[in-house]
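Engineer: Given the sequences, and given the hints that come with them, work out the whole structure.
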Amino acid sequence: MPSATLLGQSVLSGIFAGGLYALLGLGLSLSWRFLRVINLAHFGFIFLAAYMIYQLAGVWGLSPFAAMLLVVPCLFLLGVALQALFLRFSINEFGSLLVTFGILTITEAAIQWIWTADFRRLETPYGTASYRVGELFVPVAEALTFAVAVTLSISVWALLRFTYIGKAIRASADDPDMAAAFGVRGHGLALLLSGAVAATAGIAGTFIALIATLAPAQIFSWIGVIFAVVILGGLGNPFGILAAGLLIGVSEAVTMALTAPSWAPLVSFSLLILILVLRPGRI
Amino acid sequence: MLSVAGLEVAYGDAPALWDASLEIGEGELVSVVGPNGAGKTTLVNAIARLLPVRRGKLLLDGADAAPLTPREMCERGVAIIPEGRRLFVSMTVEENIDMGCYRSQARRFRAQGLERVYAMFPRLNQRRRQQAGTLSGGEQQMLAIARALMARPRLLLIDEPSLGLAPAIVQQVFETIRGIHAEGVSILLIEQNAAQALAIAERAYVLEGGRTIASGKPKELLAEPHIRDAYLGGNKEK
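Chains A and B, in that order, give the protein sequences. Note that my numbering gives residue 239 to position 239 of the first sequence, counting from 1, and the numbers run on in steps of one. Count along the second sequence from 1, add 1000, and you get the number used in my numbering.
All clues given are correct.
Derived list of chain A stretches under chain B, where covered just means 3 residues or more per stretch with a C-beta under 8 Å from a C-beta of chain B:
(1) 158-168
(2) 179-189
A short list of chain A residues far from chain B (calculated; beta carbon distances all over 12 Å):
(3) V99
(4) I106
(5) W115
(6) V133
(7) E135
(8) V138
(9) A147
(10) I154
(11) A243
(12) P265
(13) L266
To be clear, the hints were calculated from the coordinates, so they are not data collected in a lab. Using N, Cα and C, we set each Cβ at its ideal position, and we do this for glycine too.
Structural biologist: Here it is, written out as structure tokens:
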């Protein structure tokens, strides 16, 4: 049995991992629920953003947060362009899976072409700094990521719940014709939402760049666990994503501490299967 | 206010409507009756611009309305209470009402509209935080009416409001429609329940097999044996 400190440190790192999962899954969940696009390209966009941050901050010497202010609007435009493509060719939900898989592959190839397959690491003071709280170490970058994930989830929830644009997005998902009959601009809204989703990929990419060492092949390693989080959290539900991210992050971390790291995926996918069996109809 | 002449609407190659004509004057309550599959809902959806018009005239205030989008129709003061209600089922009662006043000219009057629809349907006020999909059929119909009223329509398109409701609720719905009309809103009422629809209409049209086959004041239509037998259970009187 591991010590209380090790267990505590595991739970803490699980919470931070969960925040990162939520940050990565939020856009996927929104686009799936409200645009009916299962957006695999989102993962490509996240890493594209991470590499852009690496280039701007690591190579050209900008502050990472100034770099983020440049990268996020670029990603927004990319998201708008992606949705324009979907609207132009009226691609359905299943088709979107194939098309975005293609875009993901192209993005990965482009990243590999520009930045090569070597590992890239953004060295910043944030990357290594940590505080000591009692017996536990709190890494600054991870804690910041968690705070951003929570803030973003709450903001998205509030936007969907309290603004007319948010209500129009939800109404369009329920019945697009009726939403249009009451004055909603469906296409414009879809472009805006897709841009916003890609902008969250820009934010997520920034924190991936701060925390992790980058390699193109890593893009694919995130897909499984993030899909589990998205489905577990319930589509289009920002708080659900946060809760699911924490549940999976913490249970993975504790499993790693109690057994071996290779057991972690078993826990997250067992949880997913269990919840799909007990509460079907989440998609 | 609204004028439809020789309207043709098709789903793919199958025409659902091929010669529909009607007129609605300012402040008029006009009913369209006809059997199942006559094209009544198609007619309403085409007027709301949810379906493309293949041929014929569709004029709103004398201007061609066929190229307009549903949103533009809404901005010109046309609101719909569709067949089967088509509420935003995952949203709450009040959010559905909010969607009614989505267009900016209506949004300014939100507080006033909210007061009006809650006075009209106190049940909706009690259930304002409940999900629309969990309401009873009658409550859902009230919510569909409330949503449309929030848009401050000049012309209200009402499609089969009595469908699937208990007789007591049907009475209440028709009373409500009469009340809205009394406030000066023009109404196009599509209804399979011809007796009710003709009782409150000023003029009516009979739609059959995708075309308008008769029109006139309800009394004149009732005087025609073919129409009485076909739509009003004339055989009961024998």
